[in-house]
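Visitor: Protein chains in written order, with the numbering used here: chain A, 101 to 277; chain B, 315 to 526.
In short, the hints are calculated from the structure, not lab data. Nothing here was measured: the structure is a model prediction, and the numbers come from that model. For every residue, glycine included, the Cβ atom is placed at its ideal position computed from N, Cα and C. There's no promise every hint is true.
So the derived list for chain A, only partly shown, Cβ under 10 Å to chain B, looks like this [to be verified]:
| hint | residue |
| --- | --- |
| 1 | R153 |
| 2 | S205 |
| 3 | A243 |
The primary structure of each chain is shown beneath.
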Amino acid sequence: MNRRETMSDDPGPDDIVLVDTNVFVAVGDPENAKYQSLREYAIRRDLTLSVPRRVKRELSAMHIADRVESAVDDGWADVVAPPSPTDSAAVAAMDSVRREIARRSPKDEHEVEKADTVLAGLAIEYLKCREDQVFVLTDDTVAAKAITGAVKRQGFEDEVTVLTRDDILDGDDLRII
Amino acid sequence: MPTLVERDTLSPSGEPGVPAIDDFDGFLAAATLLQQPRLARSYVYICYYGPTTVQELIDTLDLARATAYDDIEQLESLSVVQRDESSRPHRLTADPFAFVDQNDLAITPTVLHAVALTEIDEDLAYFQNRYGTGRLTRAVRTAGRHYAGTITQRMAADELDVAPVEGMAVVQALRPALAAGEAFDPYFDRLFPDIADEIDVDVEAATQQSDR
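Pulled out of the complex, with its shape left as it was, chain B reads as follows:
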């Protein structure tokens, strides 16, 4: 890591259409984060606002101390977070990574952030519970098109094959992920080819949120 894999590029043998995931451990780590929103939340926080410390993570994300230490350990074993033990307190850092193609595969910090938000946002928790993580990750790209000015919230709902009100709720609830992604995700323009510069969510993400 960092890793950027284009699945639509040719494989080494030159066969078209063969997945070319050359960092399989990285891909498994990404999949693990997608399935564990709390882990994803810590990873994205460190990635966007690091270097940081465990204490800051506990304070800002309202985590229990034991939980935070367990999660950091797991993030380290997945090789997505590094702990610098030469400093006191230990400094935590995380590199951004992405798996993106032109079709449905899109895992970048912005997408992991969307999954992470299910921990703190009722509408996103509802959407993920009802339609699954795959549809939630699709919703990130759809929401981007709304904030780029090309589709209405109702059209977004139609695209996602959900009720109008559910589409409105998910599009609105994804604003923090899009705002922070625009500011900190180096792969943001890969997630939104052609429209990344047009996306305007009118949210300030440059400074981290203080604890509630």
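With the rest of the complex left out, here is chain A:
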């Protein structure tokens, strides 16, 4: 077993860090201070963020896919084309996320967006191929809670860590009015 002795809450160069669309929405354009914070976060830890192709496609609807392109050119992100999760634990995790989100909302399970569940499945799928730790980075606290619960129920709470805005951006210099 070549898995590291202690798993960290902080990603390292060997870890997969899956990033959701809302993170690139939250950080703004490349010249924005929050974007620079994300860049520093990745570079300081020698990370290459894994950006699913779907994320880039979603960003293009608001003409902000250049936020990903700029990170790729800069060497701290890669666009990846992951297959749909097929591993049984991965599929079970996605079902679990769907049920959890539906339970908290007035919606039915089938109304839960597949894209909100897929990161949990991908994280476990990645674990099956590699012995590394997998991180999921999202700005959506509702999805984050559901993913955290789902991977825990599937027994992967030590290998899959969900990070949100507070974990990567120190302070939020937000103009109130």
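Please build the complex by placing chain B on the supplied structure of chain A, with the hints as guidance.
Guide: Here is chain B on its own, set in the frame of chain A:
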């Protein structure tokens, strides 16, 4: 003002479903603010952080002096801002008001704040430009449900009938309006029946922002 009108209450004649807007001038003032984000911004600032002065408004909101005086004059003529001329400098105050029903009508300081933010936030300016003020005001209630923990940002986008990324952007950009509304809007719980106490945007709005 302040005015709170429930459209779903019975009219004086007892007929159900008849709009009962008993403060029509107030309603027109609210409509004017919804259509003029810069005016809305000054109104909300005075309402939340007043009493204040024109100079403070100029400094904090980065307004040109002539613009600020024109806007205050217009806000006074709409009867939403009062100027106390007995003090030097004149003190400005604004009372909160609301028009709310259980359906689509929802105008409170929080909603006016959302419109005001189109002046300084690119994502909200984009959203309003593309989908209009009506959809932006709907987005306030939708965003509240996200921060109350009941829907994801993607579900918010679906509810608003916009692209996922547009829903994420509007939900995130409305955080200042929700944070300040929670702190200062007395009608916040009317805007978010049942969930007002659950909303957590993790933003400090209790002190006014200093100038940039």
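Visitor: It remains to establish, for every hint, whether it holds in the given structure.
Guide: Hint-by-hint comparison with the structure:
no.	hint	result
1	R153	violated, 14 Å
2	S205	holds, 5 Å
3	A243	holds, 5 Å
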